[in-house]
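Number of protein chains: 2
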Amino acid sequence: MTAKFIGAGVGPGDPELITLKACRYIQNADVISYISNEQGVSQAKSIAQDVLKNARSNLQEIPLLMPMQENRTEANRVYDEASTAIQQAIANGLQVVFLCEGDPLFFGSFGYLLERLQGHIPCEVVPGISSIHAAASALQHPLTVLTESFSVVSGRHSQEKIESALRNNETVVIMKAGRSRQRILQALRNTQRANDAQYLEYIGRDKEKIYHNVLDLDGEAGPYFSLFVVTSRARCSR
Amino acid sequence: MTAKFIGAGVGPGDPELITLKACRYIQNADVISYISNEQGVSQAKSIAQDVLKNARSNLQEIPLLMPMQENRTEANRVYDEASTAIQQAIANGLQVVFLCEGDPLFFGSFGYLLERLQGHIPCEVVPGISSIHAAASALQHPLTVLTESFSVVSGRHSQEKIESALRNNETVVIMKAGRSRQRILQALRNTQRANDAQYLEYIGRDKEKIYHNVLDLDGEAGPYFSLFVVTSRARCSR
Numbered sequence: 023m024t025a026k027f028i029g030a031g032v033g034p035g036d037p038e039l040i041t042l043k044a045c046r047y048i049q050n051a052d053v054i055s056y057i058s059n060e061q062g063v064s065q066a067k068s069i070a071q072d073v074l075k076n077a078r079s080n081l082q083e084i085p086l087l088m089p090m091q092e093n094r095t096e097a098n099r100v101y102d103e104a105s106t107a108i109q110q111a112i113a114n115g116l117q118v119v120f121l122c123e124g125d126p127l128f129f130g131s132f133g134y135l136l137e138r139l140q141g142h143i144p145c146e147v148v149p150g151i152s153s154i155h156a157a158a159s160a161l162q163h164p165l166t167v168l169t170e171s172f173s174v175v176s177g178r179h180s181q182e183k184i185e186s187a188l189r190n191n192e193t194v195v196i197m198k199a200g201r202s203r204q205r206i207l208q209a210l211r212n213t214q215r216a217n218d219a220q221y222l223e224y225i226g227r228d229k230e231k232i233y234h235n236v237l238d239l240d241g242e243a244g245p246y247f248s249l250f251v252v253t254s255r256a257r258c259s260r
Numbered sequence: 023m024t025a026k027f028i029g030a031g032v033g034p035g036d037p038e039l040i041t042l043k044a045c046r047y048i049q050n051a052d053v054i055s056y057i058s059n060e061q062g063v064s065q066a067k068s069i070a071q072d073v074l075k076n077a078r079s080n081l082q083e084i085p086l087l088m089p090m091q092e093n094r095t096e097a098n099r100v101y102d103e104a105s106t107a108i109q110q111a112i113a114n115g116l117q118v119v120f121l122c123e124g125d126p127l128f129f130g131s132f133g134y135l136l137e138r139l140q141g142h143i144p145c146e147v148v149p150g151i152s153s154i155h156a157a158a159s160a161l162q163h164p165l166t167v168l169t170e171s172f173s174v175v176s177g178r179h180s181q182e183k184i185e186s187a188l189r190n191n192e193t194v195v196i197m198k199a200g201r202s203r204q205r206i207l208q209a210l211r212n213t214q215r216a217n218d219a220q221y222l223e224y225i226g227r228d229k230e231k232i233y234h235n236v237l238d239l240d241g242e243a244g245p246y247f248s249l250f251v252v253t254s255r256a257r258c259s260r
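Chains as they are written, first to last, in our numbering: chain A, 23 to 260; chain B, 23 to 260.
If you are wondering where the hints come from, they were derived from the structure by calculation, not from laboratory data. Quick reminder that beta carbons are idealized off the backbone N, C-alpha and C, glycines included. All clues stand as given, with none of them false.
Partial selection, computed: residues in chain B whose CB lies under 10 Å from chain A:
id: 1; residue: Thr41
id: 2; residue: Gly124
id: 3; residue: Leu127
id: 4; residue: His155
Only chain A is shown next, with the shape it has when bound in the complex:
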């Protein structure tokens, strides 16, 4: 088997929401790689911990210790060094699997490694369950039916961009809602969409919280892993 660099989605948090393919690749990996914080904690690795119980006994690791502050220069240095280490491992014939929370190519960090390695070494991507689909399942509510349109924005977008998405689409998911909670609640009120909105944090984990009425939320900042799902509640699908 040719040595490959594989980005594998491990899903949104529930350890059973990993695909058979991601499991197989993780358990056959010679090297796993993942983002961790400065304390060595990796969300992606902890989601995969049950799967990793059946990993190779001589499994090697390439952790990417990511600084918390948004310092692109420092982050780029971490990606550069990891890319070099991964290329070296592939050159030695080792299979390298990078563990990604959710889906590898949806608002994740895997793209930064992929752009450095694509064209230089064989790459493959295994999709994962993203938080938008996990949210719809937790709410037991269709994201879209028939000809509704659907848009994803993030709390990092401008107020204008968020309000425009809310005005122009029946369904809107607002990702990375933590620090922008106050601004998002204001956008929902400004566009008369507060009654269409539901809020979730830590989906599928022990500390999962769901608010079906977002006006019950206070204005304090929420965690990074939080999102708003806005759907047309008046929808009639028949």
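Got chain A sorted already, so can you dock chain B onto it with the hints?
Chain B only, in chain A's frame:
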């Protein structure tokens, strides 16, 4: 264990893109249910066929034979009858798993059953890999980075809606692109996004086709399972 009605995503086509949780539920099911065409062919069931090899020996089935033409009255009759049969099975203490292509709550039919059964019997939804994430993985190209905005429309939308999405979002996925191919190509040209577009059909199946240059596509209709992924090719993520 309480009998439950479970909608389980089986992913976009590759039989390994099923989650561990969907596998477990399918293999413990007393009854499986699924949409099939008038010839008895079910895409969702065929994707799950390897998993079904380990299903219970006395597994029962509730197929929904869906007429091809877009006749809502007839479709509603099929959903009504299936809902009654599913409720009966649950009342008999049987675990019922409805197999859904892709994700159950993203442009699927599962919502039509769920709205009939929700509140009457215990329901659960297991998310699946949707075609948007499968497409990004097949293209090895991030759907979104940093503060890009992302929108999903379908070939069933008006020309105006599709062009507006293409003008207002860096990333646009156009689903159900088969019969609307000609109109979509025109919208891509009108908005100067043809160079940003890639086209995929039957992702992860034997007959998968990918066009990195959509101007190589002719104007004929494509299959139902086809989509366009439009991303900012000039994107710089560093």
